[in-house]
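Enquirer: Sequence:
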Amino acid sequence: MLSLHRLLGRSLAITPLAATPSRLYVTVDARRFRQHDLTEQQLPQLNKVDAVLDFGAATPTLDQEKLFSPHRPTEVIMNAVNEFVETPLSQSEQRDLMKKALLVKRVVNMNGKGKQPSMYALVVVGNGNGLAGYGEGKDEEAARAVLKATNKAIKNLRYFERYDDRTISMDIEHKFHATKLELRSRPPGFGCRANHYIHEICRCIGIQDISGKVRGSRTPMNVIKATFEALSSQKMPQDIAKMRGKKVTDVQGVYYGASA
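In the working numbering, the protein residues as written are 1269 to 1528.
If you are wondering where the hints come from, they were derived from the structure by calculation, not from laboratory data.
Errors might be hidden in some of the hints.
[Stated by the list, open to error] DSS-like, lysine-lysine: derived pairs with alpha carbons at most 27 Å apart:
1) Lys1448 <-> Lys1503
2) Lys1443 <-> Lys1368
3) Lys1368 <-> Lys1423
4) Lys1416 <-> Lys1367
5) Lys1515 <-> Lys1503
[To be verified] Label pairs and their calculated CB-CB ranges:
6) Glu1408 <-> Arg1483: 34 to 40 Å
7) Arg1374 <-> Arg1512: 46 to 52 Å
8) Gly1396 <-> Phe1458: 17 to 23 Å
9) Lys1514 <-> Lys1406: 44 to 50 Å
10) Tyr1427 <-> Thr1517: 21 to 27 Å
11) Lys1510 <-> Lys1383: 53 to 59 Å
12) Pro1356 <-> Thr1487: 29 to 35 Å
13) Lys1514 <-> Thr1355: 35 to 41 Å
14) Asp1518 <-> Asp1364: 37 to 43 Å
C-beta atoms are modelled at their ideal positions from N, C-alpha and C, and glycine is treated no differently.
Full structure from sequences and hints, please.
Expert: Structure representation (structure tokens):
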């Protein structure tokens, strides 16, 4: 017991602590340095750092001018869509065209990342005097999809022949996929009595008297494409008269009940 008391007394002997010196910092003014070997001549010269980081007094902020031009033009970076298209038509003629967005819907593309939604637009363009075309466009935004479709429609413009500048030259029966289309020529003042998509297309072309019937699939996309194909495949009275060996007046009299 006595030995344990001596051992504890020896180990718990309190020794006075030496006074710790105050912490010194690197200050040039006081000439006191934390490192003993550091002198004033060995201090780093911050004014000789890389020129990229050395800004003058005139430009104290980081808003410096760009030294290099961008690698791609702004139109490519922003994926901009021009309002006018490079066609034989002038900008004023393109501006005066009738533009009808007949179909705008949301579609989904399935890929490795999952379902990627986007907007689809189908636009019909025409001048009301025999010139018309349609175009399709897809984009994340509906407005940009319509603009893309309009530009493609202007590029796809073509001329459609009309009898007497008001109707088609003959009755047409056309099949496009599951859509069966029947278009019939009508006398003056009859009007346009057909599917509403056909009605808008005829307005853009300039056909005033026509009747039509859509059988089978009435999908807007199929109806619009079937109408353009049917109007493109119609035969003019001159071609019919040449095939039959008759005069043009005789052929027109047969189709429209006029006296030869």
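Enquirer: It remains to establish, for every hint, whether it holds in the given structure.
Expert: Outcome of the hint check:
no.	hint	result
1	Lys1448 <-> Lys1503	holds (19 Å)
2	Lys1443 <-> Lys1368	holds (24 Å)
3	Lys1368 <-> Lys1423	holds (15 Å)
4	Lys1416 <-> Lys1367	holds (12 Å)
5	Lys1515 <-> Lys1503	holds (15 Å)
6	Glu1408 <-> Arg1483: 34 to 40 Å	holds (36 Å)
7	Arg1374 <-> Arg1512: 46 to 52 Å	holds (51 Å)
8	Gly1396 <-> Phe1458: 17 to 23 Å	holds (18 Å)
9	Lys1514 <-> Lys1406: 44 to 50 Å	holds (49 Å)
10	Tyr1427 <-> Thr1517: 21 to 27 Å	holds (24 Å)
11	Lys1510 <-> Lys1383: 53 to 59 Å	holds (55 Å)
12	Pro1356 <-> Thr1487: 29 to 35 Å	holds (33 Å)
13	Lys1514 <-> Thr1355: 35 to 41 Å	holds (39 Å)
14	Asp1518 <-> Asp1364: 37 to 43 Å	holds (39 Å)
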